[in-house]
Amino acid sequence: MTVDPACAACRWVVPASVPGWPSWMPRLAFQPAARAARGDVLLVVFLRGAADALNVVVPHGEQAYYRLRPSLAIPRPDDRRAPAALRTIDLDGFFGLHPSLGPLLPAWRAGHFAIVHACGAPDESRSHFQAMELMERGLTSLHGPASGWIGRHLASLDTGNVSPLRAVGIGEQVQRSLRGVVPASALQSITDYHLGGDPQAAARLQATLASLYSGDDDLSLLGRETLAVLETLSALDAAGYRPRPEAVYPESDFGMGLRQVAALIRADVGLEAAAIDLGGWDTHFGQGAGEGLMAGLLADLGQGLAAFHRDLADRIDDLTVVVMSEFGRRAAENASLGTDHGHGGAMLVLGGGVNGGKVHATWPGLEDGQLFGPGDLAVTIDYRDVLAEICRLRLNNPAVEAVFPDYTPVMRGVVRART
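For the sequence shown, position 29 (counting from the first letter as 1) is numbered 79 according to our numbering, and the numbering increases by one without interruption.
Wrong hints could be hidden among the right ones.
Here are the in silico distance ranges between beta carbons for each label pair [stated by the list, open to error]:
1. V212 - L155: 37 to 43 Å
2. R159 - E341: 23 to 29 Å
3. P172 - G342: 28 to 34 Å
4. G210 - E341: 46 to 52 Å
5. D456 - R365: 32 to 38 Å
6. P424 - G265: 57 to 63 Å
7. D266 - D364: 40 to 46 Å
8. T412 - A160: 22 to 28 Å
9. P455 - D128: 43 to 49 Å
10. G419 - A449: 37 to 43 Å
11. D364 - G194: 38 to 44 Å
It is worth saying that the hints were derived from the structure and are not from the lab.
Quick reminder that beta carbons are idealized off the backbone N, C-alpha and C, glycines included.
With these hints in hand, go ahead and build the complete structure from the sequences.
Below, the structure written as structure tokens:
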């Protein structure tokens, strides 16, 4: 966000922890962290629109999958009728990756990438907005706490970290999962957070703003903290950030967002949790199989996560990435060569503490008597089990009952405890 000296306050953004704060007031605040966070840095990637889990992680050993999807099924790994580049990438003889996720194979082979299949929320909502809200709040009812599950995690864990950059949402606004009493900051571009104009004009503006925010009221406090973050983020030299040579981020909003998260992690600004979205997954029409709409989305996802994994290889033991979506899609393709709203989905988990190279699943099957409701993949693993296990074992937060109220999670062995 560039601040024009002629309109110094009109384009700043709002702290997620201050409900009703005017849109023209600052969103960011920064103080140096008192000490390093105790657990992993958490990155949550939300695939908005309900990603088709059956084509993300393909059950190529399930005959019903090919019967239900005569046009959209990803060919088996050994199907010589299809080009090799469009076939499923086998993982364990039954499950495989969509070919666009091939860049993640090195992480899989290193044991840093695991999959949780046939997972999701126990509620049966097929409304994107309701399902996303419930999942980001970590609830099954809209009557529960308004805060997000990550927000409650941060509020229930005292790491001694006083940085308002404990939580960062990449994008125009803070994701619902981050909201709570701990401030969360929305960032679109680190490099744009500076005072505009020539150095002399910027210095005069900074002095003026410092004078305006010299009081003891909350507004003055936020103003001073905003000036501090402007100075601190400018000092990060995000434009000059150089990923490791082998880490090539896609030139997309998602890729650039991941690069910014990596820059913040390397700058040691006190980041504990970050969230980023990748939209476009509501594939009712023209979804495609090995090529097409969904293949392009998966290429962006796979290339971005692979670059992030390579870029932070030396910090991978202190990093956990979770990829999730609000629900899955119908097991059968529709007449428009797409898929309709379903139930069960899949989660991808990356990091040095992951029990990787494995698909964690209690597979329900895709035959008629095994499908849920009108023809959906059944949910056999509650998504909160995975998130609670990450909170407890990787984020060092034993108070999972505060993060996921009224739920007793089952530990699934997706991650290991920090040592």
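Can you name, in rising order, the numbers of the hints this structure does not satisfy? No hint contradicted; all consistent.
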